[in-house]
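Below, each chain spelled out in residue letters.
Number of protein chains: 2
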Amino acid sequence: MLDPKVCQQLRSIVGDSSFRDDQEALITHSYDGTPMQQAVPDGVIYPSSTKEVSEIMKVLSAHRIPLISRGSGTNLCGGTVPNNGGVVMVMHRMNKILEVDLENLTAVVQPGIITKEFITHVESLGLFYPPDPSSMAISTIGGNIAECSGGLRGLKYGTTKDYVIGLEAVLPSGEILRTGGKLMKDVAGYDLTKLLVGSEGTLAVITEATLKLIPLPTYKKTMLALYTDLYGAARTVSKIIENRIIPATLEFLDNPTIRVVEDFARIGLPVDAEAILLIEQDGDEAAVERDIARIIEICKQENASEVKVANTQEEALQLLTARRSAFTALARIRPTTILEDATVPRSKIADMVLRINEIGLKYNVQICTFGHAGDGNLHPTVATDARDHEEIHRVEQAFEEIFDAAISLGGTITGEHGVGTVKAPFLEWKVGAAGIEVMKGIKLAFDPHNIMNPGKIFAKESRKRLVLHK
Amino acid sequence: MLDPKVCQQLRSIVGDSSFRDDQEALITHSYDGTPMQQAVPDGVIYPSSTKEVSEIMKVLSAHRIPLISRGSGTNLCGGTVPNNGGVVMVMHRMNKILEVDLENLTAVVQPGIITKEFITHVESLGLFYPPDPSSMAISTIGGNIAECSGGLRGLKYGTTKDYVIGLEAVLPSGEILRTGGKLMKDVAGYDLTKLLVGSEGTLAVITEATLKLIPLPTYKKTMLALYTDLYGAARTVSKIIENRIIPATLEFLDNPTIRVVEDFARIGLPVDAEAILLIEQDGDEAAVERDIARIIEICKQENASEVKVANTQEEALQLLTARRSAFTALARIRPTTILEDATVPRSKIADMVLRINEIGLKYNVQICTFGHAGDGNLHPTVATDARDHEEIHRVEQAFEEIFDAAISLGGTITGEHGVGTVKAPFLEWKVGAAGIEVMKGIKLAFDPHNIMNPGKIFAKESRKRLVLHK
Numbered sequence: 057m058l059d060p061k062v063c064q065q066l067r068s069i070v071g072d073s074s075f076r077d078d079q080e081a082l083i084t085h086s087y088d089g090t091p092m093q094q095a096v097p098d099g100v101i102y103p104s105s106t107k108e109v110s111e112i113m114k115v116l117s118a119h120r121i122p123l124i125s126r127g128s129g130t131n132l133c134g135g136t137v138p139n140n141g142g143v144v145m146v147m148h149r150m151n152k153i154l155e156v157d158l159e160n161l162t163a164v165v166q167p168g169i170i171t172k173e174f175i176t177h178v179e180s181l182g183l184f185y186p187p188d189p190s191s192m193a194i195s196t197i198g199g200n201i202a203e204c205s206g207g208l209r210g211l212k213y214g215t216t217k218d219y220v221i222g223l224e225a226v227l228p229s230g231e232i233l234r235t236g237g238k239l240m241k242d243v244a245g246y247d248l249t250k251l252l253v254g255s256e257g258t259l260a261v262i263t264e265a266t267l268k269l270i271p272l273p274t275y276k277k278t279m280l281a282l283y284t285d286l287y288g289a290a291r292t293v294s295k296i297i298e299n300r301i302i303p304a305t306l307e308f309l310d311n312p313t314i315r316v317v318e319d320f321a322r323i324g325l326p327v328d329a330e331a332i333l334l335i336e337q338d339g340d341e342a343a344v345e346r347d348i349a350r351i352i353e354i355c356k357q358e359n360a361s362e363v364k365v366a367n368t369q370e371e372a373l374q375l376l377t378a379r380r381s382a383f384t385a386l387a388r389i390r391p392t393t394i395l396e397d398a399t400v401p402r403s404k405i406a407d408m409v410l411r412i413n414e415i416g417l418k419y420n421v422q423i424c425t426f427g428h429a430g431d432g433n434l435h436p437t438v439a440t441d442a443r444d445h446e447e448i449h450r451v452e453q454a455f456e457e458i459f460d461a462a463i464s465l466g467g468t469i470t471g472e473h474g475v476g477t478v479k480a481p482f483l484e485w486k487v488g489a490a491g492i493e494v495m496k497g498i499k500l501a502f503d504p505h506n507i508m509n510p511g512k513i514f515a516k517e518s519r520k521r522l523v524l525h526k
Numbered sequence: 057m058l059d060p061k062v063c064q065q066l067r068s069i070v071g072d073s074s075f076r077d078d079q080e081a082l083i084t085h086s087y088d089g090t091p092m093q094q095a096v097p098d099g100v101i102y103p104s105s106t107k108e109v110s111e112i113m114k115v116l117s118a119h120r121i122p123l124i125s126r127g128s129g130t131n132l133c134g135g136t137v138p139n140n141g142g143v144v145m146v147m148h149r150m151n152k153i154l155e156v157d158l159e160n161l162t163a164v165v166q167p168g169i170i171t172k173e174f175i176t177h178v179e180s181l182g183l184f185y186p187p188d189p190s191s192m193a194i195s196t197i198g199g200n201i202a203e204c205s206g207g208l209r210g211l212k213y214g215t216t217k218d219y220v221i222g223l224e225a226v227l228p229s230g231e232i233l234r235t236g237g238k239l240m241k242d243v244a245g246y247d248l249t250k251l252l253v254g255s256e257g258t259l260a261v262i263t264e265a266t267l268k269l270i271p272l273p274t275y276k277k278t279m280l281a282l283y284t285d286l287y288g289a290a291r292t293v294s295k296i297i298e299n300r301i302i303p304a305t306l307e308f309l310d311n312p313t314i315r316v317v318e319d320f321a322r323i324g325l326p327v328d329a330e331a332i333l334l335i336e337q338d339g340d341e342a343a344v345e346r347d348i349a350r351i352i353e354i355c356k357q358e359n360a361s362e363v364k365v366a367n368t369q370e371e372a373l374q375l376l377t378a379r380r381s382a383f384t385a386l387a388r389i390r391p392t393t394i395l396e397d398a399t400v401p402r403s404k405i406a407d408m409v410l411r412i413n414e415i416g417l418k419y420n421v422q423i424c425t426f427g428h429a430g431d432g433n434l435h436p437t438v439a440t441d442a443r444d445h446e447e448i449h450r451v452e453q454a455f456e457e458i459f460d461a462a463i464s465l466g467g468t469i470t471g472e473h474g475v476g477t478v479k480a481p482f483l484e485w486k487v488g489a490a491g492i493e494v495m496k497g498i499k500l501a502f503d504p505h506n507i508m509n510p511g512k513i514f515a516k517e518s519r520k521r522l523v524l525h526k
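Listed in order, the protein sequences are those of chains A and B. Read in order, the letters of the first sequence correspond to residues 57 to 526 in the numbering used here. Read in order, the letters of the second sequence correspond to residues 57 to 526 in the numbering used here.
Bear in mind the hints are in silico, worked out from the structure with no lab data behind them. Treat the hints loosely; a few may be bogus.
Note that the list lumps identical chains together, so a pair holds whenever it fits in one copy or between two copies.
To be verified - Only pairs whose alpha carbons sit at most 20 Å apart, straight line, appear in this in silico PhoX-like list of lysine-lysine:
id	residue 1	residue 2
1	K152	K268
2	K276	K217
3	K114	K520
4	K268	K217
5	K152	K172
6	K520	K172
7	K268	K516
8	K107	K364
9	K496	K268
10	K61	K114
11	K268	K356
12	K295	K107
13	K172	K295
14	K418	K276
15	K107	K268
16	K364	K152
17	K114	K295
Here the structure is a predicted model, which is why all the values come from computation and not from measurement.
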């Protein structure tokens, strides 16, 4: 519960209707996209300007009240659950595209703009903002920046980090920090811009972003390849890259995912296929046609049982359905869907999928794996039931072993979802004790009183790594 | 002077011949590529492994002895001058390419490898490492990482930061930190990889780097356009980008530079031209030819007095000579050459060049400006004489005003050279008091006893910004 005086101070900054502490507001901001994570905040505030954010932070700092900034809360790591209570700051009112600069190919936006709206706007100008997290129809650019969102186009175009070139952010003290600018080169001191991207709201509140745009590719082609052998699909992925072709999209679905998707979408996928690759290339027409022709050859060399190339945009959309409906299809088979993002070097995808399947059998949990094969970012997904504590325990053990397998293969515990609370106990496996210590020091430099999204990234206790006991 | 016991400890780690404290070694490591910056270290050490670096750091930490890690010392910001004495660590013995992974398109290198050697090696495999600082024939990858080096290909391909995806680094304590990996996506905690890139040796010693490679473009075309009007050249730059063309290279020379270059190289440049643009495009042949045709059109629309397109590789090299010989040509006209890298949004290039010329007149100093027009990264260069204190004072005033002008136009004090000691007094102009405070906190988190390249980035006193007095 907040002190009534604090509530009054907050109301006087944003206006009565933009601060709420009624039950409805508190409950609806007690969770995000992550299953089985919930904690009720003490208040919810909706600022309309950087100045208001700054004033709010001064009040919260003075009273050491936790602040959880969020956009649409679509994250999958418990990143915006107010575990320690405090005030949830919803950025939706700060949702303007302030500028698209056609000379410098940059945009300046407020954090609350919906990613898809922004993408649609810049594409109408012949420009391209590539980061395309699956949540983009609902998620905000600010949330994408906080989590360093990836997406299907990461292999060729990179992730959110690669497109954020300047930030305005409010520090816990209320001070306003400005980093970078409309500059492709800037080495004035430590790179605070890239440090804030992916910092999960634990360092500062992002109030404005300068984004890099690139020319929109003029041509695109979509294809699908089916395999009866997992390694054939994996070798195809490696061979495409070895042939110096970087596709715009290079997605993977394993057999359990194919079954679930076909059951849901009835699009004629062969349920005995071991793997499907969804491949897109974009760019100049001649180059795209040449790349696609070469990719078809490689698929056939690797014994793809079928290769389908879309000849129209409608056909392309149909092929994309298999991948796009994966999460929806999975979400309907059991009450709880847990989607993870263990990531490995792309050459290790087949090894990782086989390890995941072994782990699923060992713990008797149903794991479907799909994801971004081109950049090794897999989404092992478990359909389960949060009410069944025994099963959930097995699911947790399985994921622990999956993270361990990813690390053993030279990978990481999270490719694009962030650490939040869900992966905090495993962070040390990836970054080591030295990495954790340095990160804690950075946190302290920004947030000496630990009021910025406390309880995220850093766990009270790190899990011991299974591999140590083997 | 180091305590003889410390010298003995250091010798026992690296062997007698790899630690030196004789006058020759000390004097030759008292300066780097920056004019008028010199300070003698107390010792020079040449480690051959990460383990040795770690052992060395433990000794230096215990005795609070400053450590200045360096490659070839080509930097232009005083970044590797041992201002506070201490031990200079030269990384040249750790110069191996440990791996080029053709499946994952990554390379693992030690920091002491010469950039050009590395580039040549990966190009022989049909791969591409784009960062190409002018110093690349001498500079090391480790030095490039420390300074986040740019180069001529930054506009289209980004800078060093965009290609470093994993690091091994030794902390002042001797602990070994490992970040990232062969991963295109990794959001496990704060991005320490990008933070270490450009940290100028003030946080840790980089002992190994995992680099991202991309397919080598198959085709390239080079052209030159001459202008009698500076704004015509500037409008050409903006219009190329507005036409959704991102050239591989888009370089600029102003009239004073053209005169100096022609006087030196005798390549037939018209000395009355106000500006030259050197433009290269690479990629797929059809796309390159189409882009170059469109660029020629734009140059003509903007009244280029002459447009030359290279039809052979020899002709391309000849056109490149104008830009490549700029620094050499300038370096021979007076005893001291000071080359800066004030950077502005690309749409502000003409405004910036005119401001630089006004400032040159005001302080009666000879400023030649050339650089990377495509990314707004200009190199205003002064030919002067370090022995003439009165003139040097005017040069310093002129640069101060140039930095101020860059900031006023939305730019930065350094695009690719780093802060070092030379730009430390101006850093606050760019990042503000809040930025400095946060950066100092980060420094403290890594280096609590301030032994890592002390005196760099952070100035004892920041300069007051001129604009405040206007």
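Alpha-carbon proximity between K114 and K520, which holds within one copy, between copies, both or neither at 20 Å: Classified as neither: same-chain Cα gap 39 Å, cross-chain 28 Å, threshold 20 Å.
Between K114 and K295, at a C-alpha cutoff of 20 Å, which is it: within one copy, between copies, both, or neither? This pair counts as neither: shortest intra-copy Cα distance 55 Å, inter-copy 45 Å.
Alpha-carbon proximity context of K276 and K217, limit 20 Å: neither (24 Å within a copy, 29 Å between copies)
Tell me, please, which holds for K268 and K516 at an alpha-carbon limit of 20 Å: within, between, both or neither? Intra 37 Å, inter 34 Å, cutoff 20 Å: neither.
One pair to classify: K152 and K268, alpha carbons no more than 20 Å apart. Within, between, both, or neither? within (17 Å within a copy, 35 Å between copies)
At most 20 Å between C-alpha atoms: does K61 with K114 qualify within a copy, between copies, both, or neither? within (14 Å within a copy, 52 Å between copies)
Is it within, between, both or neither when you check K268 against K217 at 20 Å Cα-Cα? Both: 10 Å inside a chain and 15 Å across chains, each within 20 Å.
With 20 Å as the alpha-carbon cut-off, assign the pair K107 and K364 to within, between, both or neither. neither (54 Å within a copy, 53 Å between copies)
Can you tell me if K418 and K276 fall within 20 Å by alpha carbon in one copy, between copies, both or neither? Close neither inside one copy (42 Å) nor across copies (54 Å); limit 20 Å.
Within a copy, between copies, both or neither: where do K496 and K268 come within 20 Å Cα-Cα? Answer is neither: 30 Å inside a copy and 28 Å across each miss the 20 Å cutoff.
Classify it for me, K152 with K172: is the Cα-Cα distance of at most 20 Å met within a copy, between copies, both or neither? within (13 Å within a copy, 45 Å between copies)
Given identical chains, is K295 near K107, meaning Cα to Cα at most 20 Å, within a copy, between copies, both, or neither? neither (52 Å within a copy, 36 Å between copies)
In the structure shown, a violation is registered for the earlier hints numbered 2, 3, 6, 7, 8, 9, 11, 12, 13, 14, 15, 16, 17, in ascending order.
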